[in-house]
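A.B. asks: Sequence:
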Amino acid sequence: MSAFMVDTIGIIGVVMVLITYFLLQSQKIDSKGFWYSFLNVFGSLLIVYSLLYNWNLASFIIEFFWILISLWGLKKWYRSKKESL
3 MSAFMVDTIG IIGVVMVLIT YFLLQSQKID SKGFWYSFLN VFGSLLIVYS
53 LLYNWNLASF IIEFFWILIS LWGLKKWYRS KKESL
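Counting in the working numbering, the sequence shown runs from 3 upward without gaps.
Careful, some of the hints might be misleading.
With a straight-line cut-off of 20 Å between C-alpha atoms, the simulated PhoX-like cross-links for lysine-lysine are [said to hold, decoys possible]:
1. K77 x K34
2. K83 x K34
3. K84 x K34
4. K34 x K78
Estimated spans, in silico, between C-beta atoms of each pair [as the list claims (entries may be wrong)]:
5. I21 x I64: 14 to 22 Å
6. E85 x F40: 29 to 37 Å
7. S4 x R81: 35 to 43 Å
8. F66 x K34: 16 to 24 Å
9. A60 x I13: 28 to 36 Å
10. F67 x M3: 19 to 27 Å
11. W57 x Q29: 35 to 43 Å
12. L87 x V16: 34 to 42 Å
Everything labelled a hint here was simulated from the structure, so no lab data went into it. Glycine included, each C-beta is placed from N, C-alpha and C at the ideal position.
Please work from the sequences and hints to get the whole structure.
C.D. replies: Rendered as C-alpha cells:
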C-alpha cells in the first residue's frame with residue numbers, strides 16, 4: 003500500500019475522532035451512547051493502522067488506550083441496553 007493511502011486512512015481516522023468530539027460538545031450525541039464510543043473505536047483503529055506504517059510510539063500509546071476506553075464504553079452501553087429489556 004502506498005504511503006499516500008496509508009496517510010489518507012490515518013487522516014480519515016483523525017477526522018472521525020474530531021467530528022465525534024465536536025458532536026459530543028455540541029450535544030448531538032451522548033457520551034454514554036453507542037455512536038460516541040463506536041466512532042471513537044473506528045477512528046482510532048484507522049489511526050493505529052496508519053501508525054503501523056509510520057511508527058510513533060507516543061501516538062500509538064494514546065490511540066491504544068483510546069480504543070480500550072471506547073470499547074469499555076461500548077460494553078457499558080450494551081449492558082445498560084440489556085438491563086433495560
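A.B. asks: Now look at each hint and say whether the structure bears it out.
C.D. replies: Results for each hint:
no. : hint                  : verdict
1   : K77 x K34             : 10 Å, holds
2   : K83 x K34             : 11 Å, holds
3   : K84 x K34             : 14 Å, holds
4   : K34 x K78             : 8 Å, holds
5   : I21 x I64: 14 to 22 Å : 18 Å, holds
6   : E85 x F40: 29 to 37 Å : 19 Å, violated
7   : S4 x R81: 35 to 43 Å  : 42 Å, holds
8   : F66 x K34: 16 to 24 Å : 22 Å, holds
9   : A60 x I13: 28 to 36 Å : 18 Å, violated
10  : F67 x M3: 19 to 27 Å  : 26 Å, holds
11  : W57 x Q29: 35 to 43 Å : 37 Å, holds
12  : L87 x V16: 34 to 42 Å : 36 Å, holds
In the structure shown, a violation is registered for the earlier hints numbered 6 and 9, in ascending order.
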